[in-house]
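S.K.: First to last, the protein sequences are chains V and B.
With our numbering, letter number 50 in the first sequence gets 50, and the count goes up by one each step, no holes.
With our numbering, letter number 44 in the second sequence gets 44, and the count goes up by one each step, no holes.
By construction, these hints were calculated from the structure, which means they are not laboratory data.
Cβ atoms here follow ideal geometry from the backbone N, Cα and C, with glycine treated the same way.
Among these hints, one or two may not hold up.
[Claimed, not checked] Not everything, but these chain B residues come out facing chain V in the computed CB check (under 10 Å):
{"id": "1", "residue": "L30"}
{"id": "2", "residue": "T77"}
{"id": "3", "residue": "R81"}
{"id": "4", "residue": "L100"}
{"id": "5", "residue": "A110"}
{"id": "6", "residue": "L145"}
{"id": "7", "residue": "S149"}
The chain contents come next:
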Amino acid sequence: MRLVTVAGPPSCGKTSVIVHACRHLLAGGTPCAVIKFDCLKSRDATAYEAAGVPVSVALSGGLCPDHFYATNLEEAFAWARGTGAQTCVIETAGLCNRCSPHIRGLLAICVIDNLMGIDAPEKIGPMLRLADLVCVTKGDLVSQAEREVYRHRIRQMNARAVIRHVNGLTGQGCQDLSRILALAPEAGENLTDRKLRFAMPAAVCSYCLSEMRIGGRYQKGNVKKAVFAQSHGTQLLDNAPGETEDGDVPS
Amino acid sequence: MSLPDVLPAPRELTLTGGHDKSGAPECAALAFRVGEITALLGPTGSGKSRLLSDIESLAAGDTPSGRTLLLDGRPPTDDERFELQGRLVAQITQNMNFVLDMGVLDFLIAHAESRNAPEPAAAAVRVLAAANELAGEPFAERTQLTQLSGGQSRALMIADTALLSTSPVLLIDEIENAGVDKTQALALLLKSEKIIVMATHDPVLALSAHRRLVVENGAVRHVLARTEAETSTLKRLAGMEAEFSRIRAALRVGGEIR
Ligand SMILES: Nc1nc2c(ncn2[C@@H]2O[C@H](COP(=O)(O)OP(=O)(O)OP(=O)(O)O)[C@@H](O)[C@H]2O)c(=O)[nH]1
Ligand SMILES: Nc1ncnc2c1ncn2[C@@H]1O[C@H](COP(=O)(O)OP(=O)(O)OP(=O)(O)O)[C@@H](O)[C@H]1O
Ligand SMILES: [Mg+2]
Ligand SMILES: [Mg+2]
Ligand SMILES: [Zn+2]
Ligand SMILES: [Zn+2]
Numbered sequence: 001m002r003l004v005t006v007a008g009p010p011s012c013g014k015t016s017v018i019v020h021a022c023r024h025l026l027a028g029g030t031p032c033a034v035i036k037f038d039c040l041k042s043r044d045a046t047a048y049e050a051a052g053v054p055v056s057v058a059l060s061g062g063l064c065p066d067h068f069y070a071t072n073l074e075e076a077f078a079w080a081r082g083t084g085a086q087t088c089v090i091e092t093a094g095l096c097n098r099c100s101p102h103i104r105g106l107l108a109i110c111v112i113d114n115l116m117g118i119d120a121p122e123k124i125g126p127m128l129r130l131a132d133l134v135c136v137t138k139g140d141l142v143s144q145a146e147r148e149v150y151r152h153r154i155r156q157m158n159a160r161a162v163i164r165h166v167n168g169l170t171g172q173g174c175q176d177l178s179r180i181l182a183l184a185p186e187a188g189e190n191l192t193d194r195k196l197r198f199a200m201p202a203a204v205c206s207y208c209l210s211e212m213r214i215g216g217r218y219q220k221g222n223v224k225k226a227v228f229a230q231s232h233g234t235q236l237l238d239n240a241p242g243e244t245e246d247g248d249v250p251s
Numbered sequence: 001m002s003l004p005d006v007l008p009a010p011r012e013l014t015l016t017g018g019h020d021k022s023g024a025p026e027c028a029a030l031a032f033r034v035g036e037i038t039a040l041l042g043p044t045g046s047g048k049s050r051l052l053s054d055i056e057s058l059a060a061g062d063t064p065s066g067r068t069l070l071l072d073g074r075p076p077t078d079d080e081r082f083e084l085q086g087r088l089v090a091q092i093t094q095n096m097n098f099v100l101d102m103g104v105l106d107f108l109i110a111h112a113e114s115r116n117a118p119e120p121a122a123a124a125v126r127v128l129a130a131a132n133e134l135a136g137e138p139f140a141e142r143t144q145l146t147q148l149s150g151g152q153s154r155a156l157m158i159a160d161t162a163l164l165s166t167s168p169v170l171l172i173d174e175i176e177n178a179g180v181d182k183t184q185a186l187a188l189l190l191k192s193e194k195i196i197v198m199a200t201h202d203p204v205l206a207l208s209a210h211r212r213l214v215v216e217n218g219a220v221r222h223v224l225a226r227t228e229a230e231t232s233t234l235k236r237l238a239g240m241e242a243e244f245s246r247i248r249a250a251l252r253v254g255g256e257i258r
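The following block holds chain V by itself, in its conformation from the complex (with noise of 0.2 Å):
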């Protein structure tokens, strides 16, 4: 079975166009099946099956999306061969935002729309930065400057990913991502020993187990104190997860 992983921000389109994409891939002859990880509610099911693809969300609900995607793995990809798929989708609104769900050696696709605002390929990171594909959406909505612009942006995020427009709504461009689809990498026949192309956020303080009063005596574990002063420009994290930056892509 081919596995791709679909990450983007929330509502810029990766439903309706995997759904679009589906549908060409599954007139072509080749069964899909999509895995939608999400954390507290999602209507997507819906969507999908009204297009024939077999559909299964997971809802991390009170966990830390990140560590449940990647605790879920293994086991998202056996019921997706269990549904005789070929090729299955994995959609994630880039988990907590920040995060990337992409795995090395299987297709990573970016969705970003084009109304984000012009910072957002930038604020985005991983989820983009480490893409194969970045497909834009929302096109029909903004002058053709402006997505010249916004690909320009992106571009200056992620040098070597290959950048598509597509419209969610009238399918415009998804014929195209099928085939870049139809080619993407085999998984094998589970995903066990396979790397993420981005480390996790590290994790487990008392939030972590529920408390929820404030105050530094509550807090206990991996804890971060951020330092709290007038700033000018960009400030870095000092603490990024590590980022697989060998990018091994394939092509």
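Following the hints, put chain B with the ligands in place on chain V, whose structure we already have.
M.R.: Coordinates of chain B with the ligands only, in the frame set by chain V:
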């Protein structure tokens, strides 16, 4: 993965016939040639903008109309499609507002950079000046894009396309609704040899074109070349337009018409 600066510019585009909104087939394929201006006419909702998007997106039977775009008579290869995406066509859409959170000059510089213009800052200043020529009320370098009025936004889009675009195809959607002087805007846009297609409800613009396509229910129904009689009608209308503009300009600044 950088794109070539010089485009392999096609001399001719062909849109194969698709189907209308009821699924009935469209008339035969349509060819568009360099140096030729085509006007698209038809009632609201008939599919003029759809036809423009079909060209812009290099339709491959994957749009609601089912049309396919051919370049110099053949469908582009996957590689060509990729190289041409967003570069084949410069487009003035019906869009009247910007959504990006940037100042006008920063935006123009970023755009000039993305287009590999040799001196982005100088190019940006030229576009701003041209936009202010077209716009009624001038705007400043630091104005946020989102604060521009509809007419100012349209003026900026037109100036930007006219001065920064190197695309061999130009698509124009209802420039008459721009709140800018349409004749002046068209003159700015028509400076170079391109394939030009414009959707319009305006008789002067429609008759300025060499050829008119009439769209109905999602499909092209009639193809008409401009006749001699129409050329003289155009002259007459253009004269009336000039009179209109003169009076409008006078009224705008509080003049009295005698
Ligand atoms: N105008 C326009 N709207 C779009 C486009 N793509 C998606 N949308 C709309 O954007 C909204 C969100 O789309 P979804 O596909 O549900 O987005 P998502 O990324 O899957 O959202 P979550 O899974 O909830 O994070 C819907 O109303 C879509 O119709 C597009 O290209 N253009
Ligand atoms: N051949 C077609 N098949 C199916 N849908 C179509 C077809 N042509 C156009 N449409 C759809 O019809 C709707 C209206 O079309 P469009 O916006 O192109 O109209 P228009 O002529 O530009 O109208 P206006 O003059 O108001 O700008 C759009 O949603 C478009 O996608
Ligand atoms: Mg979704
Ligand atoms: Mg229109
Ligand atoms: Zn995270
Ligand atoms: Zn914690």
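S.K.: Now tell me, hint by hint, if it's right for this structure.
M.R.: Against the structure, the hints come out as follows:
no.	hint	in the structure
1	L30	20 Å, violated
2	T77	12 Å, violated
3	R81	7 Å, holds
4	L100	5 Å, holds
5	A110	5 Å, holds
6	L145	8 Å, holds
7	S149	15 Å, violated
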